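Peer 1: If you're matching them up, the sequences are chains A and L in order.
Per numbering that gives the first Met the number 0, the very first residue in the first sequence carries number 0; after that it's consecutive.
Per numbering that gives the first Met the number 0, the very first residue in the second sequence carries number 0; after that it's consecutive.
It is possible that some hints are incorrect.
[As the list claims (entries may be wrong)] In silico DSBU-like links for lysine-lysine, alpha-carbon gap of 35 Å or less:
id, chain 1, residue 1, chain 2, residue 2
1, L, K210, A, K276
2, L, K396, A, K178
3, L, K210, A, K130
4, A, K29, L, K418
5, A, K276, L, K55
Calculated directly from the structure, the hints in this document are not laboratory data.
Keep in mind that this is a model prediction, so the values were computed, not measured.
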Amino acid sequence: MADTVVTAKDYMNGNPITWCPGCGDFSVLKCMHRALASLNIQPEDTVLVSGIGCSGKIGHYHGGYAIHGTHGRSLPIAQGVKASRPDLTVIAAGGDGDGYGIGVGHLVHAARRNLNITYVVMDNGVYGNTKGQTSPTSPLGYQSSTTPFGNADLPINPLLLAWASGASFVAQGFSGDAKHLENLIAQGVQHEGFSLINIFSPCVVFNKAQGYDFYRQKINYIETPASNAQDYVGVITPPSMPVGVLWKSYQKDSLPAKEPRQSKAEGTDIASYLRSKLA
Amino acid sequence: MKTAALFGLTGQGIETAGEILSNIMRSQGYTHRAWRDFSTIIRGGHTAFEIYISEKGEEAPPPRIETIDIAVVWDDEGAKRYLPRMADSAMLFGSMNTTMVPEENRGETPKLGFNVWSLGVIAGYLGIPFPLLEDSINQHFAGELNQNLAHRGYILGQFKNKGNTVTNKLSDLVTISGNDALSLGAIAGDVRHYFGYPITPASEILENLTKWLPPLGGKTVQVEDEMAAIYAAAGASYAGERTFVASSGPGIALMTEALSYLGATEIPLVIIDNQRGGPSTGMPTKTEQSDLQHLRYAGHGEFARIILTPTDVLDCIAVIQEALNLADYYQCPVILALDLDLAVRRVSLPWVAVEQAIRSVTVDRGPTLLESLPIEDYARFHSVDGAPPVRTVPGIKGGGYVASGDEHDEKGFMEPDFKVVRETHHLRRLHKADQIEYQRPLSIIGNMDAPVAIIGTGSMSELIENLVKRQPEQYKGVLLRQLHPVPVESIVNALSEAKTVIVAEYNATGQIRSMIESALVDRQIHSLLRYNGEHYTLEEFQDSVTSILSAQKELTRG
Ligand SMILES: Cc1ncc(C[n+]2csc(CCOP(=O)(O)OP(=O)(O)O)c2C)c(N)n1
Ligand code: SF4
Ligand SMILES: [Mg+2]
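Produce the complete structure using the sequences and hints provided.
Peer 2: Here it is, written out as structure tokens:
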């Protein structure tokens, strides 16, 4: 449906953005729009489904179609859109609390179901929107109002979890490297299956310890995805903080569309079809 | 009318035998209704199957009947259960295990094979031609042993056959359950995608659609839980595809967060609750109408919703189509409340009636725009004079918007001026379904001037309908189909000539009665309540109604 050439600007909707200045999510929004434009996908053929959190507000800044869902439920909604409308480009987006806390069960199933959707997680290691509580990716010892003596729960490793659940594309990016991130998102969108893109996207207000400089010093760039389990686990095991496409395999979408959709309007006689199904 | 019962142990194939009997009667053109003691099938132990068969030429299947013409039981447990219900105790048959069954009615039968033998007994008694039985048994159970067992049973049953015959009436019947009816109606209503999570008594819908949708280019997805089901359905509906969800109490509880989300975002969706005994996991295989108050109030915050309650199997076919249309028009959750008995009850009825129900409603997408946008500067939630706003679907250029659970303005954007939007947008959304245009809020059964009106819905309807048929000068029925918004005027009119009103429902607190209270002011009201999970037989129902009325008489006399 590439009737006109689109630019990232066509993806803006004029809604004033209310993230804090310096928030990593600005870059994610821009990179996503650039990636979509680079693939020349028309805005009206995209659906961005977001969760709840600062990151979840991203849906309000998308000039295509968007669904701003509830906390943790972006993946089921996105899969509902994709399963019923395979013609659309569907992106789910949200925070680390949204995707790895309250909604983590859906991640496992979305990965194994492998519908062609892209899941963009803005991981800031904190509950930004509720003012700085510990999140499922906060490091051990992380101090916040809910863990004043330091976080004692092991952080979730989303790259390992998604991969173990059967994700066919796993990547990690960084808000501070826009060019690289744009490319990752474009690859995720092009991948025919479920793709997880975990993005280090700093919260400059509530998680100052994990800011841009922290990531710049820690991340290591990976050029080619791992080709076997051992390599993959090696690459993603802390303290390594890899960015790049880390895993890519081809698996069949578990829900291929078989027949063209038929409805009464197209002249099928539904009643006689139904009669044939009954004893 | 003839009624028959089969009672045995789980694992003896009682259910299959019942199905064979039902298939034979269907093939010969006899409308009927089947009932099974569903709970024991799951629990292990005893299980029962009952069938109520119409006379020749009757179109509507009978309701659940107390009086049993012939029963075949495996042990005395069954004899105890059915003796009090026999029209004639000489028609109780059983295996050699029984002591309470008349001696000449006992037969040698192995434990596995009892079902085939019993089928023979019932077929002999009903006058089903033996070759017909032979054929059906061959299709299910091969081997001479089975034929012999069936034959021995047949001879025994035939012995007590006082002129019953089954002859082919050459009419095209189909056997369907309430869940089948919902599945048929959904497809007729243009549903092509369905997301579900198994639960009794709604799994059948997921299973049906899994078979029936793919040839139409549709599909089902068995998702990870009910939250995923309703959110995926919301996604599909947002994307312009018609869908619905179906579950029972525990699943509906999980869907409640999303109900509020649908209310806020005005994404249309039909939600089916096949109510079973609660609270919690409760009685998963027993019928109850006890989620109604939950369905009415579930969800945080205030938003519009519609609740419909189909009255019988055929009605399910039409109501789900109407619900899909209403959801598209009002852009709010439309809830269908059934109860277990209606969902799983199997009735055999003329295909023409089913076809008529399928064709009775035309798909109407209301203000949904499926093609191009005729306006500029589209605002999704902009309403002209309170009319439902135009809803675009993805793919339409210039129609993009955000569906947000955060309070929003007419464009859909969050963080609006709350003082403004709460007085405008919020109130429109809240009150849009206060009055709905629905043609069939209730059905009146019988004569307007009958003194006693019985109100009920769901599985109760067949009892009300048949009681009215028995005593038309005494009773009339009001079968409720629109539970919320309460169709006050229709109810008041329906009751205008009634001296006494009985609200019959399967719960302990009179939920329907309190929901429709505003239509019942200044009236003598009685509640008929049952909450043991068992669907009434017609006779039990009649007795319960009678005792309410005689208690009332006592009162007025005393
Ligand atoms: C069911 C539910 N529980 C709790 C909340 C409150 N809440 C809103 S955002 C949020 C956490 C968001 O954290 P994250 O997903 O990491 O997003 P961020 O704000 O950091 O981008 C919580 C707990 C909610 N909206 N809904
Ligand atoms: S609080 Fe943190 S995550 Fe939220 S907008 Fe501000 S910087 Fe971004
Ligand atoms: Mg976060």
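Peer 1: With reference to the structure, classify each hint as holding or not holding.
Peer 2: Consistency of the hints with the structure:
{"no.": "1", "hint": "L/K210 - A/K276", "in the structure": "holds, 9 Å"}
{"no.": "2", "hint": "L/K396 - A/K178", "in the structure": "holds, 29 Å"}
{"no.": "3", "hint": "L/K210 - A/K130", "in the structure": "violated, 49 Å"}
{"no.": "4", "hint": "A/K29 - L/K418", "in the structure": "holds, 32 Å"}
{"no.": "5", "hint": "A/K276 - L/K55", "in the structure": "holds, 26 Å"}
Of the numbered hints listed earlier, the single one contradicted by the structure is hint 3.
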